[in-house]
Amino acid sequence: MKKKFKTESKRLLDLMANSIYTNTDIFLRELISNASDALDKKHYLSLTDSSIDASDLSIEVSVDKDNRTITISDNGIGMDKDDLENNLGTIANSGSLNFKEQLEKPEEVDIIGQFGVGFYSAFMVAKKIEVLSLKTNTDKAYLWIAENEEGYEIKDATKQTSGTSITLWIKDNTEEKNFDKYLDDDEIQMLIKKYSDYIRYPIKMEVEIIRNEDDKTEKRKEIKVINSMTPIWKKSKNEIKEDDYNDFYFSRYYDYNKPLKTIHYKVEGITSYTALLYIPSKAPYNYYTNDYKVGLSLYSKGVFIKDEASELISDCFRFVRGLVDSDDLNLNISREILQQDHQMQNLKKSIDKKVKSTLEKMLEDNREDYENFFNEFGLQLKYGAYDKFGQNKDLLIDLLLFKSSHEDKYVSFKEYLSRMKDDQNDIYYVCGDSVEKIKDLPQLEKILDKSYEVLYLTDNVDEFLINILHDYNGKAFKSINNSDIDLDSEEEKEASEKKTSENKDLLDELQSLLKDEVKEVKISTRLKSHPVCLSNDQGLSLDMEKVLKEMNQGDNIRAERILELNPNHPLFEALKKAHDEGKNLEDYAKVLYDQALLIAGLDIEDPADYSLRMSKIMVDSLK
Numbered sequence: 004m005k006k007k008f009k010t011e012s013k014r015l016l017d018l019m020a021n022s023i024y025t026n027t028d029i030f031l032r033e034l035i036s037n038a039s040d041a042l043d044k045k046h047y048l049s050l051t052d053s054s055i056d057a058s059d060l061s062i063e064v065s066v067d068k069d070n071r072t073i074t075i076s077d078n079g080i081g082m083d084k085d086d087l088e089n090n091l092g093t094i095a096n097s098g099s100l101n102f103k104e105q106l107e108k109p110e111e112v113d114i115i116g117q118f119g120v121g122f123y124s125a126f127m128v129a130k131k132i133e134v135l136s137l138k139t140n141t142d143k144a145y146l147w148i149a150e151n152e153e154g155y156e157i158k159d160a161t162k163q164t165s166g167t168s169i170t171l172w173i174k175d176n177t178e179e180k181n182f183d184k185y186l187d188d189d190e191i192q193m194l195i196k197k198y199s200d201y202i203r204y205p206i207k208m209e210v211e212i213i214r215n216e217d218d219k220t221e222k223r224k225e226i227k228v229i230n231s232m233t234p235i236w237k238k239s240k241n242e243i244k245e246d247d248y249n250d251f252y253f254s255r256y257y258d259y260n261k262p263l264k265t266i267h268y269k270v271e272g273i274t275s276y277t278a279l280l281y282i283p284s285k286a287p288y289n290y291y292t293n294d295y296k297v298g299l300s301l302y303s304k305g306v307f308i309k310d311e312a313s314e315l316i317s318d319c320f321r322f323v324r325g326l327v328d329s330d331d332l333n334l335n336i337s338r339e340i341l342q343q344d345h346q347m348q349n350l351k352k353s354i355d356k357k358v359k360s361t362l363e364k365m366l367e368d369n370r371e372d373y374e375n376f377f378n379e380f381g382l383q384l385k386y387g388a389y390d391k392f393g394q395n396k397d398l399l400i401d402l403l404l405f406k407s408s409h410e411d412k413y414v415s416f417k418e419y420l421s422r423m424k425d426d427q428n429d430i431y432y433v434c435g436d437s438v439e440k441i442k443d444l445p446q447l448e449k450i451l452d453k454s455y456e457v458l459y460l461t462d463n464v465d466e467f468l469i470n471i472l473h474d475y476n477g478k479a480f481k482s483i484n485n486s487d488i489d490l491d492s493e494e495e496k497e498a499s500e501k502k503t504s505e506n507k508d509l510l511d512e513l514q515s516l517l518k519d520e521v522k523e524v525k526i527s528t529r530l531k532s533h534p535v536c537l538s539n540d541q542g543l544s545l546d547m548e549k550v551l552k553e554m555n556q557g558d559n560i561r562a563e564r565i566l567e568l569n570p571n572h573p574l575f576e577a578l579k580k581a582h583d584e585g586k587n588l589e590d591y592a593k594v595l596y597d598q599a600l601l602i603a604g605l606d607i608e609d610p611a612d613y614s615l616r617m618s619k620i621m622v623d624s625l626k
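Under our numbering, the first residue of the sequence shown carries the number 4, and numbering increases by one thereafter.
Each hint should be verified, as a subset may be incorrect.
Each computed EDC-like pair below joins lysine to aspartate or glutamate, with the alpha-carbon atoms no more than 20 Å apart [to be verified]: (1) K197 / D330; (2) K264 / D355; (3) K264 / D247; (4) K68 / E133; (5) K501 / E523; (6) K453 / D426; (7) K406 / E379.
These are computed hints drawn from the structure, not numbers from a lab.
The whole structure should be built from the sequences, with the hints applied where relevant.
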């Protein structure tokens, strides 16, 4: 007699089959997981009951294209009539969970099923389901049948061995769905490998084997174990060779380069998990594009849950590849989506911490490897420290490297601080397109003469990053382009003030000629061989202005520019002489300003005008 499902049958079952799961492929994962649980139950009972034989536990999958069926069988604990009624007739009742709760030590039982809804995912692909089962140590088998969401019936049946066989009659194709693929042996094998490769029991399937012998091609059917069973990350580290780790990496990520670092560890605590992580030696070609897939693979009790789980690791470590296997995560009812709770946050923090400590150790113990890593992924760390208003800056700040004036080598902030001069209050830096161009900047001359180290910042993000970081261990970052940078002794300051006073009229005239182009024209105390340079007042820097323009975001944004003149350069003396003789200094002022712009890496407003004024000055000088 047909019975209705015990709940709001049609409505709830329809929800299970059509709404909870977004990917029809996972029906096979759910049914195999249930079969694995049945084997677990039989194994656990055999430990205390010698009459139960649990020596050859396995799962079998078979496909019948002609009858459009797929069957998943196990020789596990099996179900009697009451079990079928309670577990399959009542939606969201978990027989696995009930079994675990009935044991004296449930924490020792590693059972996958929690919600009691996985079985109903089969209705996504099946128009009819039959469950044939014989419970261990009983002699009465039963057949559970459901052809739709309306209800089910249970019949007496015959079965020779204990266990359960679930047969699905696959739906016909629709315009939206191709159900025929679930009748393809290769497709089923692929799904088993993807979702259930690490189920600890063998998953067997009859497959077609092609052999070539004596110039003859022979086709025959053989039973083959499809899954790997024991995942590499579940093995003890002393059982695994470096080649094993590398082979797993190559096969999974199709990378031809060995990983720079393999991180394999297990954590037990509030959130227990095992992780196998890889730091690649080379950045993928699409790493800094939207096409790059971010995140780790997630497993629960060896069952594949999802790829590219970005929830498991911070974006600043998006270069990390690998997987996490945890029994403690709160998945949603479909096991497709992670719930964002404190367990997830704890896991993410723990993984971030492990990656950071690994990189720190690499930086300390193997500098060459770390610098190779930084050449590939350093930009990612910089973006990570800057992103979200510096949310992760404390996590990343000691991992950042920059080239510097100290032997042109990479330097960390910690190393810079250790070499600071006693009279130095700030960490000096300068931005530029390349180290080579930076070295030609006139602002560097005096600061290097005083043996102060300068960080060379060559990435666009650096200027944003420095502003977010603000300081390191109480030492503020100071651009050498800042007009208020203090490198002078008291004697030098007095001499500068005297020069400024003596040439006030000249400076005022030049500023008047440049009008709104500069905030101030001043005597420089940091120039040696160069006649002129640009600096900026407080606020927006010249480097930031340049970056914003390159990003097409700063058309109307300008730094407050200050034109600095070298009073010891012959050109200054020539200017002074021309001013005293009452000559028009407009051409000189404009050319000097444009030269300062070019040195700073900024565009001049009117190149043609610059060329004409330069030509005029040259002609006048040759008369």
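How the hints compare with the structure:
{"no.": "1", "hint": "K197 / D330", "verdict": "holds (19 Å)"}
{"no.": "2", "hint": "K264 / D355", "verdict": "holds (15 Å)"}
{"no.": "3", "hint": "K264 / D247", "verdict": "holds (14 Å)"}
{"no.": "4", "hint": "K68 / E133", "verdict": "holds (17 Å)"}
{"no.": "5", "hint": "K501 / E523", "verdict": "holds (17 Å)"}
{"no.": "6", "hint": "K453 / D426", "verdict": "holds (11 Å)"}
{"no.": "7", "hint": "K406 / E379", "verdict": "holds (15 Å)"}
Every hint, counting from the list given before, is met by this structure.
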